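J.: Sequence:
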Amino acid sequence: MSKAPATGVAEARFEPLRLERLAAVLDVEQRAYAHPWSRTNFQDVLHSGYLAQVLMAEATILGYFVAMKGVDEVHLLNITVAPEHQGQGWAHLMLEALDIWSRGQNADWLWLEVRVGNTRARQVYERHGFRQVGQRKNYYAAGHNQREDALVMNMRL
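Counting from 1, position 112 in the sequence shown corresponds to residue 112 in our numbering; the numbering is continuous, with no gaps.
If you are wondering where the hints come from, they were derived from the structure by calculation, not from laboratory data. Watch out, some of these pointers could steer you wrong.
Derived pair list, reagent style DMTMM-like, types lysine to aspartate or glutamate, alpha-carbon separation capped at 20 Å [what the hints assert, rightly or not]:
1) 137 to 149
2) 69 to 99
3) 69 to 113
4) 137 to 99
Owing to the predicted nature of the structure, the values given are computational and were not obtained by experimental measurement.
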């Protein structure tokens, strides 16, 4: 894995997401998104045995990601960098960790959906090697009974 971003953080490490850390992850999720995942979403992920990793620096959550393995692919369901740590390279580090894990699972492809309006995330994914392959109409809730399209992106491993 590549070197951790130069942000003044002495050491970053991945830990499996466990129920005892769920409240802190939910706090980050709610601060990061207008339409955050719910406690039930995270509990379902943990119950299903999906890959759920938290990136920690001492007792601080830098970010986390959730992915689901398919037959020859992995689907990134959620990747979040805590708002106060955004723009420091942590998303790239988490994507690299996901790449390594996915290859270890004999996956050939990584897939994800991203809001059309989430330009920053789209740029991160494109720099990492993801390419747009489709669009899902009205995929995401957008508030006030509105919906937002999702771009479908993939990357060959």
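J.: Between residue 69 and residue 113, is the straight-line Cα distance small enough, at 20 Å or below?
T.: holds, 15 Å
J.: For a C-alpha distance cap of 20 Å, please report whether residue 137 and residue 99 respect it.
T.: violated, 28 Å
J.: Please verify whether residue 137 and residue 149 have alpha carbons no more than 20 Å apart.
T.: holds, 5 Å
J.: Hey, residue 69 versus residue 99, does the alpha-carbon distance stay inside 20 Å?
T.: holds, 12 Å
Of the hints listed earlier, the one the structure fails to meet is number 4.
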